[in-house]
Every structure is written in C-alpha cells, then in structure tokens.
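J.: So you can see what is in the structure, the chains are spelled out below.
Protein chains: 2
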Amino acid sequence: MKPLEGMLVLDFAQYLAGPSAALRLADLGARVVKIERPQGGDNGRRLVFKNLVSDNDGVLFHTINRNKESFTADLKNPEDVEVVKQLIKKADVLIENFRPGIMDKLGLGYDEVKKINKRIVYGTVSGYGVDGPWVKRPGQDLMLQSLSGLAWMTGSQDDLPLPIALAMADTYSGIHLVQGILSCLYRRFKTGEGGKVEVSLLESILDLQFEFIATYINDNYTLPKRAKVNNAHVYLPAPYGIYTTKDSYIALAMGSLATLGEVLQIPELSNYNDDKSRFEKRDEIKLLIQEKLNTDTTANWIKKLKEVNYWCSEVLNWKEVINHPAFTSLDMLINVGRPGHRDIITTRCPIRVDGETYKSNKWAPALGEDTEKIMKEYGLKKGGQN
Amino acid sequence: MKPLEGMLVLDFAQYLAGPSAALRLADLGARVVKIERPQGGDNGRRLVFKNLVSDNDGVLFHTINRNKESFTADLKNPEDVEVVKQLIKKADVLIENFRPGIMDKLGLGYDEVKKINKRIVYGTVSGYGVDGPWVKRPGQDLMLQSLSGLAWMTGSQDDLPLPIALAMADTYSGIHLVQGILSCLYRRFKTGEGGKVEVSLLESILDLQFEFIATYINDNYTLPKRAKVNNAHVYLPAPYGIYTTKDSYIALAMGSLATLGEVLQIPELSNYNDDKSRFEKRDEIKLLIQEKLNTDTTANWIKKLKEVNYWCSEVLNWKEVINHPAFTSLDMLINVGRPGHRDIITTRCPIRVDGETYKSNKWAPALGEDTEKIMKEYGLKKGGQN
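So the sequence lines, in the order shown, correspond to chains A and B.
Using UniProt numbering, read the first sequence as starting at 1 and increasing by one per residue.
Using UniProt numbering, read the second sequence as starting at 1 and increasing by one per residue.
These are computed hints drawn from the structure, not numbers from a lab.
You can take every hint at face value.
One copy or any two copies: either way a pair holds, since identical chains are not told apart in the list.
Here are the simulated EDC-like pairs of lysine to aspartate or glutamate, each with C-alpha atoms no more than 20 Å apart in a straight line:
#: 1; residue 1: 85; residue 2: 111
#: 2; residue 1: 114; residue 2: 80
#: 3; residue 1: 228; residue 2: 158
#: 4; residue 1: 225; residue 2: 159
#: 5; residue 1: 225; residue 2: 247
#: 6; residue 1: 228; residue 2: 159
#: 7; residue 1: 292; residue 2: 159
#: 8; residue 1: 136; residue 2: 307
#: 9; residue 1: 50; residue 2: 284
#: 10; residue 1: 136; residue 2: 331
One chain only, chain A, in its complex shape:
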C-alpha cells in the first residue's frame, strides 16, 4: 500500500511551488484534484521552454501535474464556490499559492474552510511571508535568489552575482509545504483536527542557506569573498572546485593537500600545510593545481587519485548522466504522455518506500478532464446546497 492511499488533496495552486507539493503527495499515493478556472486553468499550462507543448499544455505542466485530475470551477461564481465547498468537505488537504488575501476574498480562506471541514490541512505558499515590506512583491524565483543572498554567493569573485538556473525558491518551498502538511496530518490522528501550514519562497530560500548564514553571523558578521579561481564554495579551502584537464573537467572535493601534491607531483603544495593558508591562499593553490591538471586526461587523473582514495569525480552533462549505467540502474524515467498524444518522459518520485519505487504513468489532466466524473462520484450538485 502506498503511504498516502485514501487521501484526497485539492490543489488550487498554479505554476510550480504549490503544484510541486501536490505532486509529491500524489507520488506517495494521494488522490490529487486540481481545481482550475474554466478559462485557461492553471497558468502553468502556458509555461513553456523551447516551445515544447503537447495537447495545448507545456511539457513543464505535464511533468509537474502528472498523476493528478482536473476539476473546473469558476471561483468568482458563488454557485461554483458552493460546489467546491461540497468537495472541500471530503478533502484531507487543500493547497493554494494565490497572492495573499485572494482565497479569503473568494470565501475560501482557512477560517471559512475550517468551518465546513475542521479536519482539513490547509497549505499556503506565499512569496515573502505573512507581513513585512516585501509582502506584495511578485514571488518570482530569480528575484528571490537575488534578494536572499544566494545569487551574491554563487560564482567566482570577478563574476556578476550568479543565480542558479533552477527554480530554487519554488521547489524548496514546495517541499517544505509537504513536510508541514504531513506533520499536521500526523497530529490529526491524535487531535481529530487539521491545521494551517504556511511557507514562503523567502523563508525557504533562506533556510536553504542556513549553514552559511549562521557562519556569516557567528563569524562576527564578516562577509566572505568568493574565490577568484574555480570557485565552488565561499567557505571551503583549496582545492575544492572544478578544474579543466587535458580533455575535459575534473571535480576535486576536500582532502589532504599533501596527498594531492604527491599524486599530481606538485612539491610546492607542501608549502600550504595549515587550514588558514589553504583558505586564504586558495587562489594561488588552485592555479598551481589547475596548471598541472591540464597536462593529463580526466580518466588518468581519476585513476591515480582513486588509488589514494582522494575524493574526485568527472563532470557530466545530462546526456552523459542519462546514458550512464549508474543512472539506468536507478530506473528513474517514466512516460506520462496523454493517451493519443506524444510521449512525455520525466523522472519518477525520488523516494523509495519498502524497497519499491513508484512509477505511475498517469498523465497530467487536460483542463476539466475529470469534472463530470468527480461531480458524480462525490454526488456534488450545482445549487444543491442553497
């Protein structure tokens, strides 16, 4: 039995943060119904990289909303809200990431929802928390990376601040939301009552940096400098980083500089014996290492370094990873293409339960695909409650 079997989740959310939280609940066995406006639905349907679209929805939408159903309702129409409320009575979890205040205006704020279902766990993602001067700013990922210090600490000293090319804040707040929701469901078995879980892009992306922010604060508020050469970390000493070789790249993790000096035959490395100089002189050390690494191939260096158990690795692109036996042995790919449409290949849930991986091929629903079925199944009625 999948862990969350029997759980009903209503996903009012759009784009990535909220929908990715609902996706994980679906991965783990919950039934997830997207509640979407009849005109266009989730704006994420139109979020497209490289014009990749299938059956009018972007590939991104397909990956984020696989294994869900779609129920359309016009939340500005009281009759539709009434129907949605009938569904809310049956639900275990509600997820939304509208701008603050919207759900209240629609009559679907937590206080209202709790009145009709005290067992529901209500999960909200905001951009910047519940108050403060940024609370009305758009919750957009690049802005969050830029405002939180993350872009500033990434890259090398002479680079611009460098954002990470992933939706870090969205993804991270989505998984925090899942943690909060599941915790409240645990509590519900003891108290019989649900709860409200709130996360924000800002708090989540700050949490991602918790070790570093703590280091900065407890180091007497001293801002670190990014390394000039092959930067990989603001706080770790040489040789930590990625280097070129004669034919490709190599990543060198932390380890004994003395050992490295022997294997690479760089006697000068023995001049940097203490932690302090390994950190403060990291750029000159890295330049010495870089020069030597250029004289042989990645495979040869890795062979030599493995002999002395020095932690290092090749640097792969997606093609190389995906074709590697280490990836194929994980059996991570699933096809969630809609029946009658193109294949949509994506990765499965990364969590293994009781030795099993979950590889549902249920596609992302077309807009409103399941409305009628759900109306019947739950006996929902338009105007039925008024």
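Put chain B on the given structure of chain A with help from the hints.
T.: Just chain B, lined up with the frame of chain A:
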C-alpha cells in the same frame, strides 16, 4: 500542540543529510536522540568553516543538531547494541546514513529492527541508490553536483562547469527523507506497521533538476547551451538574468521586451519580437540591455520598472538581507548557544503552523550529554536483556 509532539526519533546519522532530516522532525515537535559513538561521536562535530567552534564542536554542528539530545553507545560492542535495541523498541523513527551495509553488520539493519519494533519507520540516505556501478563511491556533495549535470548547467558559457556553493545534494535528500518518513507514519495509523524509506543523494539531485531533464529529453535529447552573457538560465530567453548598473546590480526576470525597451529607451529591442529570437539572440539582446543599465543606478531603474510592473529586484548580500525590514519582520533568528558558552545564532524552521513559528532555543547536545537521563527515563539496562 506542535504537530510531531510525542514522537521519538533515533538519529544514527552523521554530517548533514541524515541529521538535517532529524532536525526538521525536531523543529516540528519530535524528540530526537542522536546515537553517537563514545569516541568523538558524529563526525559532523569536526566539520568547521572558518575555525568557528564552540565547546569543541563546530558551529555547523550546532546549527544542524540543535534541539536534539545525545546518547552514546559503542555499536561494535554487543552489550551496547543491546541497550540501543531497548531504545529502538520505544522509537517511532530511526534515521541513518552510514555506507550501505554497515547497519546490517551492526545487527541494526531494517529487517533486524523490524523484528523488535514493527511500528518503526526506518529512514536511510545513501549516496547513489541501492545498486549500480557508483554505489560504493563516496557520497560527497561536489561530486554529486558534478556527476548529475547540475554543475555543467550552472554559470555562463565560457565559464567552467560551476557547482553551487551549498550542499545541495545533502540538503535535498534530507528533506526527501522527511517526506517519506512522515508519509509512512501516516500509513502506520491505518496499518499499524512502519516501513522503510530510502533516498539517495543522486536521485534527489536529479529530482531537483526534473523540469530541466524532462525538457532535455523531450526536446529530442538536445543539450542546451549556457548563455554567454549574464547567464541565469539555460532555457529562458533574454532578458532573464543579473546585470550591473551604475552603482550596483539588478535582476531582471521574464517580462515584455517591448515594455523593457520603452523604459530603458532601447529602440533596438523592438527588433526581437518573437520567442525564438529572444532565446537564440539572447546574448546580443542582453549586451544592449547591459550597456544601458550601466548609465543609471539600481534604485532609479527599479523605480522606473516598478511603474510598469516589470518584475525586477536589487541583488543583496547576506548583510543587506539580514538588516532589511523584510527579514527582521520574519523573526527568523534563534540563539542555540550551549549554556555557559558563546551564542550560536541560526535561522528557525521555515514552516509556520497554525500561524506560529517554532523558535526552540534548545542547544545541540555535547557528546553523550543525555545518556544517563535517557537510560533512567526509559529504564534501559546494560546486560539487562541477556
């Protein structure tokens, strides 16, 4: 009531991935006991940035292990293992991230543990999953970023592959572990039985890239190129990225290039009207924008762009974020210094429950600090069971 109150978690894990999962459970109300070897305990105690140490443990250890207790046991000594098994009988959750096979050798593998407590949820973090050719490689974060494609896709086209200066794989697998554990606890209320949850650094860091890997695969396995100029994303068109201004930096998110051209007074931007040229000619577009942005200050540009609702932001370092009212209003900092020792300031749990934030000041335990208390409290006896 905190959601996980009454839950007992045994944290056998070391360093970051496993301990950060246990930390989140502690944040949300669980009682977490670290099981540590008497000689030195968790190796994470000696993981130090910038020589920041308090009471013989690194500041990182303090932040990752706050709000836990420490119980020492020599797992190579059968008498101690027997005592630990008495504690396992009382526990809801066990977390470990030893190399594969170690817990089995110690007689504490899942099959063994299940025999003495069928209700336990047993969580494991490995480096590379349960099999495959990499299964014995060290699970070190830089290696995972390098092997998974993440380093390759970060940075600009003429840079080396660029790792992110955070322990991405560790952090991410830790939160996936929490999701799996809480799901199995939900199921336990229905079945009366626990379960085994396995995550790996590799699967988690691939999952982090799921939208991108899906785009790559469904784009007929065409590898994207990083932008040459101000890169922020392999798949998004201009102007997405961070730029310099006359006095600082500015981040420009996606938005109308026409609007941007009007505000910045760059008539040439109207030559790039379609998605295709905005992506394929992103570097030349970005150069035009960069040149103009250098002529005025960040504050002035932001003022002008806000007037037309163009999504943009300043780029802050940690000092600027932490001193900003938007941060102080979040009330995120807690002091987890040990009694009689220096302050250790770190950020609280990012999840808000029922409108509350949890700000426990319980410090990270000294090695074995709670052994005696726990022995008495649970009536554990050395040699008592044999």
